[in-house]
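With chain W fixed as given, assemble chain H onto it according to the hints.
Chains W and H, in that order, are what the protein sequence lines are. Note that the numbering used here has the first sequence beginning at 1, numbered continuously upward. Note that the numbering used here has the second sequence beginning at 1, numbered continuously upward.
No wet-lab data here; the hints were simulated from the structure. A couple of the hints might just be wrong.
[To be verified] Below, computed lysine-lysine pairings styled on DSSO-like, alpha-carbon distance capped at 27 Å:
id : chain 1 : residue 1 : chain 2 : residue 2
1  : W       : LYS329    : W       : LYS408
2  : W       : LYS42     : W       : LYS196
3  : W       : LYS329    : H       : LYS8
4  : W       : LYS42     : W       : LYS329
5  : W       : LYS329    : W       : LYS196
6  : W       : LYS196    : H       : LYS8
[What the hints assert, rightly or not] Stretches of chain W that chain H covers, calculated by requiring three or more beta carbons in the stretch to come under 8 Å of a beta carbon on chain H:
id : region
7  : 2–9
8  : 22–36
9  : 165–175
All C-beta atoms, glycine included, are put in the ideal place defined by N, C-alpha and C.
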Amino acid sequence: VNYLEARRLIAGFAGGPELPFLFALSGTADPFRLYVEAAAAKRGLSARPRFLPFNTLHQHLMAGESEGPEAYLLLPWDFVPETDWRSGVPTERLDVAEAIGHAEQVAEALRRRPGARLLYLPAPVPPITGHAESQLALTRGLDAIAARLGARSVPAESFSLGTYFGSGCPVGGARLGQVAEMAIDALTRTNPPPSKVLVTDLDNTLWAGVIAEDGPDGIRYRSEGAGYRHYVYQGLLARLRREGVLLAAVSRNDASVILPPLRAGQMPLGEADFVAVVASYHAKSAQIRQLSTQFNLGLDAFVFVDDNPVELEEVGQTLPLVRTLAFPKHDEDLPAFLDRLAACFDRREVTGEDRNRTELYRRRLEGMAPAEVKGADLTRFLADLQMRLVLHDRSEGDRTRAVQLINKTNQFNANGRRWTEEEVTGVLERGGRLFGASLADRSGSHGEIVSCLVGPDGIIEAFVMSCRVFQRRVEYAFLAALAGRGTPLVALRHARTERNEPFAQFVESEAGSDQDGELVPIDAPAFAASHDVDLRLFEVTWD
Amino acid sequence: VLDSNSPKLDDIFRAVLELPAGTDVSGTRQESEAGWDSLAHAVLIGAIESEFNLQIDAADSLELNSYEAVSRFLEQRGL
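Same shape as in the complex, but just chain W (with noise of 0.2 Å):
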């Protein structure tokens, strides 16, 4: 979170259990207070951090005994003294075997604190010791001695030398919430034991792309360009799986489309190698949960890797015993994600038994139906994600997008019928209307995702909504925000289609039953009364 997220993370925090703690770093610690505060909230906790005075690090750890918890950001010259870039470059050069000699102190004083959790930010240092090769052989003893120590490492950019010049405080604006993330989830984590199951999604996890949209040429899991970091993901999963790690897939997509490219053999994992996967629209925290009860599995042995925050959030709130890990949006953020993933499933020895786990658990779970039942109610995530939904009436000018979105579509798609450019010319000539509609939100934009045409006679003749804002409530929105503006709408022309099950769902919640192939009537002042609430999560605005 940044800044003024923090802030009104902490101003809608009710309150919960205390935890004191102890927040050690050599540097200036101030600037964490908000963020740490806000990481515990998040947890439903009120952080109480005490800080050390600047620079007392080293003889805190020197005076003995720890009083409570404490969590220490460690720094290079937390162990070797003469690296600290804000005390110049010594003199005379360094001994590296001397320095190592006094790292490991420094270490020992740490490991008489058992209970402390450790992070180590591995900060460049500035060259101290005559040459190249001495100087790794520094960075990495300090490196090796962390590692011993089970520190968790911090990104080396979160260090931002010009705010350690500036304040004191080791760690750039930017990185404070990242880093007191980490400090708190060290804190509050008590080592479970290794995960035994990962349930993965699909598109834009397992592979780039959405294969409803882009179908099985489309998506891209191979090591090149989009592929690259699925490829590296499923080479990490397929090592897993052959280590006893029962892999699960689960889309909100239909069966018949998903399965072809893990049959194909031409990906690292193929669908022999997942005791399940489940093909459903409905919730994924209720696929989880059944196959917790298939396996006879604790739900805290299950981790969940989706690329969807709204996925994440909905099995978070579900089924907070449920790991949930963020399939990383870009390929500097994957290493990071890759070691988080690992350390769950962190094992020393691999046994016969394991390696055949998976055919074991194939066997327990045949003719498993996907659940059928309702997520958790995400309104007020929702409502935190700051959306902003951009109206668009698409009746004149450019309607390229609009008219491509109606004819790739499959599955939020009233009735599947495709149209052409003429067709839709010729509805507009008549009277009828193009609208669309676009998504931002604070992790950036969607795009266009909405396109509804309406026919003359006020009958919704197509609307289709992409499956990658699916659960947002953009349908209902979109809706509300066209009849609330006046648009004559009198009916939806619906049709069932082998894929658009998400779209007979959504009949379904209005109308009460699915209606296939009828004309569905639509009582617009009512429709934009009920689902003002929906409409109040964005940002509605016309362009």
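Coordinates of chain H only, in the frame set by chain W:
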């Protein structure tokens, strides 16, 4: 280009300096604001880095001693 009345920057100043909602902060200067001590300055710089996703050199940090200076600094960065 940052508007001189950037709501985000206003929010940061009010939050860090603990000023009431709606306070006009456009004329705020470190020398005349009692709550703007060295600690608040460190928090302010961190908050600006956080909200605008940038890193500020120590030399620049010292110069950012008024709302106007921060506003100008961000504008120069194209924010």
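Note to self: Could you work out which of the previously given hints the structure breaks and list their numbers from low to high?
What the structure shows: The structure conflicts with hint 6 only, although it agrees with all the remaining ones.
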